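**Q** Please model the entire structure based on the sequences and the hints provided.
Number of protein chains: 2
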Amino acid sequence: MPPSLAKSDSAQTLNASAFNQLRSDIIACRLMPNERLRVEALRERYEMGNSPIREALMRLEAEGLVELEQNKGFKVSEVSQEKLLDLMQSRIEIETIALRWALEKGGVEWEADLLSAFHRLSRQAKVDPLNPRAISAAWSKEHADFHAALVSACGSSTMMSIRSRLFEQAERYVALSIMSTGPLRDDVTEHKQLMRAALNREIDKTIELNRIHITRTLDKVSGSLAAGKSQTDLRIVNGKTLK
Amino acid sequence: MPPSLAKSDSAQTLNASAFNQLRSDIIACRLMPNERLRVEALRERYEMGNSPIREALMRLEAEGLVELEQNKGFKVSEVSQEKLLDLMQSRIEIETIALRWALEKGGVEWEADLLSAFHRLSRQAKVDPLNPRAISAAWSKEHADFHAALVSACGSSTMMSIRSRLFEQAERYVALSIMSTGPLRDDVTEHKQLMRAALNREIDKTIELNRIHITRTLDKVSGSLAAGKSQTDLRIVNGKTLK
DNA sequence: GTCAAATAGATTTTCGAAAATCTATTTGAT
DNA sequence: ATCAAATAGATTTTCGAAAATCTATTTGAC
Chain V
2 MPPSLAKSDS AQTLNASAFN QLRSDIIACR LMPNERLRVE ALRERYEMGN SPIREALMRL
62 EAEGLVELEQ NKGFKVSEVS QEKLLDLMQS RIEIETIALR WALEKGGVEW EADLLSAFHR
122 LSRQAKVDPL NPRAISAAWS KEHADFHAAL VSACGSSTMM SIRSRLFEQA ERYVALSIMS
182 TGPLRDDVTE HKQLMRAALN REIDKTIELN RIHITRTLDK VSGSLAAGKS QTDLRIVNGK
242 TLK
Chain S
2 MPPSLAKSDS AQTLNASAFN QLRSDIIACR LMPNERLRVE ALRERYEMGN SPIREALMRL
62 EAEGLVELEQ NKGFKVSEVS QEKLLDLMQS RIEIETIALR WALEKGGVEW EADLLSAFHR
122 LSRQAKVDPL NPRAISAAWS KEHADFHAAL VSACGSSTMM SIRSRLFEQA ERYVALSIMS
182 TGPLRDDVTE HKQLMRAALN REIDKTIELN RIHITRTLDK VSGSLAAGKS QTDLRIVNGK
242 TLK
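So the sequences go chain by chain: V and S. For my numbering, add 1 to where a residue sits in the first sequence, where the first one is 1. For my numbering, add 1 to where a residue sits in the second sequence, where the first one is 1.
Hints are computed from structural coordinates only; laboratory data are not their basis. As the structure is a prediction and not an experimental result, all values here were calculated from the model. It cannot be assumed that every hint is accurate.
Stated by the list, open to error - Subject to a maximum C-alpha distance of 20 Å in a straight line, what follows is the list of computed EDC-like cross-link-like pairs (lysine to aspartate or glutamate):
id	chain 1	residue 1	chain 2	residue 2
1	V	LYS106	S	GLU83
2	V	LYS106	V	GLU209
3	V	LYS193	V	GLU143
4	S	LYS106	V	GLU83
5	S	LYS221	S	ASP188
6	V	LYS127	V	GLU191
7	V	LYS142	V	ASP187
8	S	LYS106	V	ASP87
9	S	LYS193	S	ASP146
10	V	LYS106	S	ASP87
As the list claims (entries may be wrong) - To give a feel for the contact side, a few chain V residues facing chain S, derived at Cβ under 8 Å:
id	residue
11	ALA63
12	GLU64
13	MET160
Glycine included, C-beta positions come from ideal geometry on N, C-alpha and C.
**A** And the structure:
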């Protein structure tokens, strides 16, 4: 085998492919909140049969990105001010714990990973050059990686998987917000402060900065969610009327 | 329709049925940790076709009770000392937050529900009369309900669902422990103290009692897990060799 | 006209078999 | 005897269609 291709086997199961695409489409709000997910439509969209799609939807249902009503099918999970607030408050608590553990346990390896993640994030453009009303996929990845790196030394796979699930949920709200207002916030400085405090093992400061970071996102997203609601009513999007 | 039957419609989807049975069988360790879950075998066990079973397994995989390896099928999630410790430490942190919120927000309704849940728990026999090496299903339900009632006023569906997912995971370890030692612990008093402190809004005391409650379970379960491991090697159970 | 029952179309759910993949064993060259 | 390629059986994954369920509309009795 050519060494350049190495392990890029792409031998992904159709089910895994459906799962990844669906998750990505939902988080980026290419599939809008509350939008019905008809198996037939998804079959065409992703070019595969029934089974892998239904199986992927079931996994996403367990993760909370999709809702299932017996014999009535699937839809993208609803969003609301109340859910957003609950989500962000929970995120703060979870990340607070994970951060405390990580700052206590993190070694040189962790420090290096964090620096590396920050560097990659800071060099990545946030805006998608093609579509200014969306965040660049590359930036999203680096951003997620950075926040994962912050807590990666916490030593608890349980807390880490909970954290990343809540982070994903939040990303969906951010995407929604971007769609209505465009990406304004430049948060390189914010992330840098967060990293500095973490590397200095200033536990309380790091936790507080993280709380502020999340709260600021909450405020911004919450505002545009409220505005968007009254303007266009979220149930009408992409020219289609949903449920 | 006969009024006595009323809404007991039992019109459950096969998929939901598979999900409930599988989850219950896994938590009670009727399907042992690490045991391979062949679709063919489960099809006979639950008397249904491929699809509902695979869909249920996918949901359980997202919940962490089942593990999936691409093109190699499903198995019941592994257990280990490390995972147990991580799980219980995380549980303590999550429940601490949920308890704090619940004690701050809980009203009369919550107090009444908690009292009611405790009463039902205290009147339910823990041991299954038929099989003394297993906990009675009825007791398990009341026990789960009691702990859910404690935090039910926390106001965060996110934290509540995280909490109950971790609780379920822990139940599996408890079941494993019971199988090797038999149910000894009488924890009515423990639960009563917990409830009293909660109703008195003694936040710190409640949190501390809860920590002790979980830690005690951890110690017991951890001990018998270590013992069982050296005695019988967990991979051989029910006369079948797994893996 | 009003309301419940009947009907038709759309959608979800389930099945059984075909296709793809994996695992263990055998084969055959060195 | 050793090792890689070939083979066969078991298992997972996927498909396409049948069955069950839901939704909206029509029908018909009062």
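**Q** Decide, hint by hint, whether the structure agrees.
**A** Outcome of the hint check:
Of the pairs offered as hints, the one joining LYS106(V) and GLU83(S) holds, with about 16 Å between alpha carbons and a cut-off of 20 Å not exceeded. For the suggested pair LYS106(V) and GLU209(V), the alpha carbons sit about 19 Å apart, so the restraint of at most 20 Å is met. This hinted pair checks out: LYS193(V) and GLU143(V) have alpha carbons roughly 14 Å apart, not beyond 20 Å. Distance hint between LYS106(S) and GLU83(V) is fulfilled; the C-alpha atoms sit about 16 Å from each other, no more than 20 Å.
Proposed proximity of LYS221(S) and ASP188(S) is supported: the alpha carbons are some 13 Å apart, at most 20 Å. For the proposed pair LYS127(V) and GLU191(V), the alpha carbon gap of about 14 Å is at most 20 Å, so the pair holds. Annotation: proposed proximity of LYS142(V) to ASP187(V) holds, straight-line Cα distance about 16 Å (limit 20 Å). The hinted pair formed by LYS106(S) and ASP87(V) meets the criterion: a straight-line CA distance of about 14 Å does not exceed 20 Å.
Only pairs whose Cα atoms come within 20 Å are accepted, and LYS193(S) paired with ASP146(S) is accepted, the gap being roughly 14 Å. Between the alpha carbons of LYS106(V) and ASP87(S) the distance comes to roughly 14 Å, so the proposed pair stays at or under 20 Å and holds. For ALA63(V), the shortest C-beta to C-beta distance to chain S is roughly 3 Å, which falls under 8 Å, so the interface hint holds. About 5 Å separates the beta-carbon of GLU64(V) from the nearest beta-carbon of chain S, less than 8 Å, and the hint is met.
Taking 8 Å as the C-beta cut-off, the interface hint given for MET160(V) holds, the closest approach to chain S being about 5 Å.
In this structure, none of the earlier numbered hints is contradicted; all agree with it.
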